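A.B. asks: Read off the chains here:
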Amino acid sequence: MDRDRIETVTLRWLRRLVVAGFLAVTLVPFWYMLVLSVRPIERLLLDPGSLLVPLGELTVDTYAEVLRSVDDGGQGFGTFIRNSGLVALAATALSLLVALPGAYAVSRLRFFGRRQVSALFLAVYLFPSIVVAIPLFVVFTRAGLRGSLGGLVLVYLSQTLPVSVYMLKNYLSTIPVSLEESAAIDGAGRLGIIRRVSLPLAAPAIAAVALYDFMIAWNEYLFALLFLVDRPDRWTVSLGLSLLADGVEVPKTVLMAGSVVLTLPVVLLFFAGERLLTEGLTGGAEKG
Amino acid sequence: MTTTAKGPRRSPARPARPGRRPLTLRRRESRAGLALVAPTLLVVVAVVGVPIVWTVVLAFQRVRLATLRKTGLFGEFTLDNLDRVIHTPGFADTLWTTLLYSVGATLGSIALGLVAALVVRRPFRGRALVRASLLLPYVAPVVAVAFVWQVMLDPQFGIVNDWGRRFLGWDAPVPFLSQESTALWTVIAFEAWRYFPFAFLFLLARLQAVPGELEEAARVDGATPTQRFRHLLLPQLMPVIALLALLRFIMTFTKFDDVYLLTGGAAGTEVVSVRVYRFLTARADVGAAAAQAVVLALALVVLVALYLRFFARERES
Numbered sequence: 001m002d003r004d005r006i007e008t009v010t011l012r013w014l015r016r017l018v019v020a021g022f023l024a025v026t027l028v029p030f031w032y033m034l035v036l037s038v039r040p041i042e043r044l045l046l047d048p049g050s051l052l053v054p055l056g057e058l059t060v061d062t063y064a065e066v067l068r069s070v071d072d073g074g075q076g077f078g079t080f081i082r083n084s085g086l087v088a089l090a091a092t093a094l095s096l097l098v099a100l101p102g103a104y105a106v107s108r109l110r111f112f113g114r115r116q117v118s119a120l121f122l123a124v125y126l127f128p129s130i131v132v133a134i135p136l137f138v139v140f141t142r143a144g145l146r147g148s149l150g151g152l153v154l155v156y157l158s159q160t161l162p163v164s165v166y167m168l169k170n171y172l173s174t175i176p177v178s179l180e181e182s183a184a185i186d187g188a189g190r191l192g193i194i195r196r197v198s199l200p201l202a203a204p205a206i207a208a209v210a211l212y213d214f215m216i217a218w219n220e221y222l223f224a225l226l227f228l229v230d231r232p233d234r235w236t237v238s239l240g241l242s243l244l245a246d247g248v249e250v251p252k253t254v255l256m257a258g259s260v261v262l263t264l265p266v267v268l269l270f271f272a273g274e275r276l277l278t279e280g281l282t283g284g285a286e287k288g
Numbered sequence: 001m002t003t004t005a006k007g008p009r010r011s012p013a014r015p016a017r018p019g020r021r022p023l024t025l026r027r028r029e030s031r032a033g034l035a036l037v038a039p040t041l042l043v044v045v046a047v048v049g050v051p052i053v054w055t056v057v058l059a060f061q062r063v064r065l066a067t068l069r070k071t072g073l074f075g076e077f078t079l080d081n082l083d084r085v086i087h088t089p090g091f092a093d094t095l096w097t098t099l100l101y102s103v104g105a106t107l108g109s110i111a112l113g114l115v116a117a118l119v120v121r122r123p124f125r126g127r128a129l130v131r132a133s134l135l136l137p138y139v140a141p142v143v144a145v146a147f148v149w150q151v152m153l154d155p156q157f158g159i160v161n162d163w164g165r166r167f168l169g170w171d172a173p174v175p176f177l178s179q180e181s182t183a184l185w186t187v188i189a190f191e192a193w194r195y196f197p198f199a200f201l202f203l204l205a206r207l208q209a210v211p212g213e214l215e216e217a218a219r220v221d222g223a224t225p226t227q228r229f230r231h232l233l234l235p236q237l238m239p240v241i242a243l244l245a246l247l248r249f250i251m252t253f254t255k256f257d258d259v260y261l262l263t264g265g266a267a268g269t270e271v272v273s274v275r276v277y278r279f280l281t282a283r284a285d286v287g288a289a290a291a292q293a294v295v296l297a298l299a300l301v302v303l304v305a306l307y308l309r310f311f312a313r314e315r316e317s
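Chains as they are written, first to last, in the working numbering: chain A, 1 to 288; chain B, 1 to 317.
In case anyone wonders, no lab produced these hints; they're calculated from the structure. A few of these clues could be false.
Stated by the list, open to error - Negatives, chain B to chain A, calculated, CB over 10 Å:
no. : residue
1   : T55
2   : V103
3   : A116
4   : R166
5   : V174
6   : M238
To be verified - Residues on chain B that point at chain A, a partial pick, calculated with CB under 7 Å:
no. : residue
7   : L34
8   : L36
9   : L134
10  : A140
11  : V220
12  : D221
13  : T224
Unchecked claim - Pair ranges (Cβ atoms, derived):
no. : chain 1 : residue 1 : chain 2 : residue 2 : range
14  : B       : T78       : A       : R196      : 54 to 64 Å
15  : A       : L122      : B       : G169      : 49 to 59 Å
16  : B       : E180      : A       : G49       : 51 to 61 Å
17  : A       : R196      : B       : L23       : 45 to 55 Å
18  : B       : E180      : A       : P200      : 22 to 32 Å
19  : B       : S133      : A       : G49       : 16 to 26 Å
20  : A       : F271      : B       : D93       : 34 to 44 Å
If you're wondering where the values come from, they're calculated on a predicted model, not measured in any experiment. For every residue, glycine included, the Cβ atom is placed at its ideal position computed from N, Cα and C.
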């Protein structure tokens, strides 16, 4: 057997092995999360190494406890979900609204200072959030907005806006200019072109960016910690989970149920959005 | 959109006004561009630009959380904060830890991402599902995955220590996240695990853009699979790898959540951003926190400049 043959055969088997290894490494932690969330805590302490749940052990009490409000003796995750959802939705809507015109202008129109603005958008995208956090903390403390969800939405703009501008700009520049030009020849004004041609074509991209923004805001931790820590009724799911995990009194299995509650929406959205992303951006242009 | 609508809509109406020459198409475009970019630019500057400048100002002022309501925006300037930050024990150590952490996590995530991209490159049954699964660590909330890792690595009821003792013959449980010898490595491993999907996505896209004829030709010429990777694919991937290294390094160098959630900065894992947070909350010393953040940003700028210079020279030769 020559070297080529040996390598080909070895690599074929190695590839299967490596794929299996990667799947194990990425999926087992999530599976473990799910398994622990439906086991009673006593069973976990007796048999910590199990990756399976005997059907008799299966319990959903953990979920009931994590979702019940604090008054009913639960952990109040229902409120956290509402808070997280509201903040993430508002931040997404706001950053799309603000990002779209700017991204369109930078990707399409020639104007004075375009290159500088474009460079600024990129620089802002790379800037660390911990540096931005301090003055925002100062401003919000002074204005008495700390602990308000509306304030948090404004702060989240600093996280979602740069990414949105950057992504939208890239997507928009893949739409052929000729489509807009033909609309202009047909007598459409600039706004008409944007509304009737560019926005519909960019719809998949806008949806993808919206999903991405929502995920950023839903997953965010540092700003929630800085701004909401004194107000348990305003906690987001991320913040609530991490603060409850610091205490000893809440069983780990209940917190695992909380982790599932925190992770599930994002993972579902991601799987829904993956299809959206692959649909191809200019694909619709030829058809329609 | 309502505010932006005015600019462009008004401009076509203008030529009708007496005594005005009609605008050229080029100037109309320029006006529309400025009108559209203005609101976005304004908000970006307000929520990101102003805070960045303000951090630098705060770094040279004496500001504490307790006296925040009384201090003006531009009080007297002082170098005390910088002095305090440098002379608080652990200043050099945290910078060094941050560097190790960023380099380790960057290299780890790129290496894992490269291997993943190479094995998922060619079609096989269930490939779409495998690809989506590999992206999970990246999209999942950091609080949830950090918590799962904590529980998995727990010396008492964690699955890793249980299996380690049962199958690998460990004598005693290993407290991965609380002993100095393992904590930093564990945090680096976590970071590599969480961000390899990012590298994987970029590298996979690049790999799929490599024309099939190129590899076919190499095969006809007798290049074995490893030779084809070494001399054909790797050079094609190098620019992407270099860009990924830069991006991941910048992002990791200033990362806060991951380390804070896993160890809280204990056991030799305190990175600079965790220190900034401590100055801000535990010590309520806004000035020192800002000074430490400025040190972080400066260190980052210097390192990135060094990297770019080195990389630019590499490309020339």
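A.B. asks: Decide, hint by hint, whether the structure agrees.
C.D. replies: Quick rundown of the hints versus the structure:
1. Chain A draws B/T55 into its interface by the beta-carbon criterion, the shortest separation being 5 Å against a cut-off of 10 Å.
2. The beta carbon of B/V103 is kept farther than 10 Å from every beta carbon of chain A, the shortest such distance being approximately 17 Å.
3. With a cut of 10 Å on Cβ distances, B/A116 falls inside the contact zone with chain A, its closest approach being about 6 Å.
4. With 10 Å as the threshold on Cβ separation, the claim that B/R166 sits away from chain A is violated: the shortest Cβ distance comes to roughly 6 Å.
5. Separation of B/V174 from chain A is adequate, the least Cβ-Cβ distance of about 14 Å exceeding the 10 Å criterion.
6. Every CB of chain A is more than 10 Å from the CB of B/M238 (nearest about 21 Å), matching its label as outside the interface.
7. Proximity of B/L34 to chain A holds as hinted, the smallest CB-CB distance being about 5 Å (cut-off 7 Å).
8. Restraint check, B/L36 versus chain A: the minimum CB separation of about 4 Å is within 7 Å; hint holds.
9. The criterion of a C-beta within 7 Å of any C-beta in chain A is met by B/L134, whose closest approach is roughly 6 Å, and the hint holds.
10. The beta carbon of B/A140 comes within 5 Å of a beta carbon in chain A, closer than 7 Å, and the hint placing it at the interface holds.
11. Contact between B/V220 and chain A, as hinted, is not supported at the beta carbon level, the nearest pair being about 12 Å apart and thus beyond 7 Å.
12. The criterion of a C-beta within 7 Å of any C-beta in chain A is not met by B/D221, whose closest approach is roughly 11 Å, and the hint is violated.
13. With a least beta-carbon distance of about 5 Å to chain A, the hint placing B/T224 at the interface is held under the 7 Å criterion.
14. The hinted window of 54 to 64 Å between B/T78 and A/R196 holds, with their beta carbons roughly 58 Å apart.
15. One distance hint, 49 to 59 Å for the beta-carbon pair A/L122 and B/G169, holds here, with the actual separation near 52 Å.
16. With their beta carbons about 27 Å apart, B/E180 and A/G49 fall outside the hinted range of 51 to 61 Å.
17. The hinted window of 45 to 55 Å between A/R196 and B/L23 is violated, with their beta carbons roughly 22 Å apart.
18. About 58 Å separates the C-beta atoms of B/E180 and A/P200, a value inconsistent with the hinted range of 22 to 32 Å.
19. The hinted window of 16 to 26 Å between B/S133 and A/G49 holds, with their beta carbons roughly 23 Å apart.
20. Look at A/F271 against B/D93: about 42 Å separates their beta carbons, and that is inside 34 to 44 Å.
Checked against the numbered hints given earlier, this structure breaks hints 1, 3, 4, 11, 12, 16, 17, 18; the rest are met.
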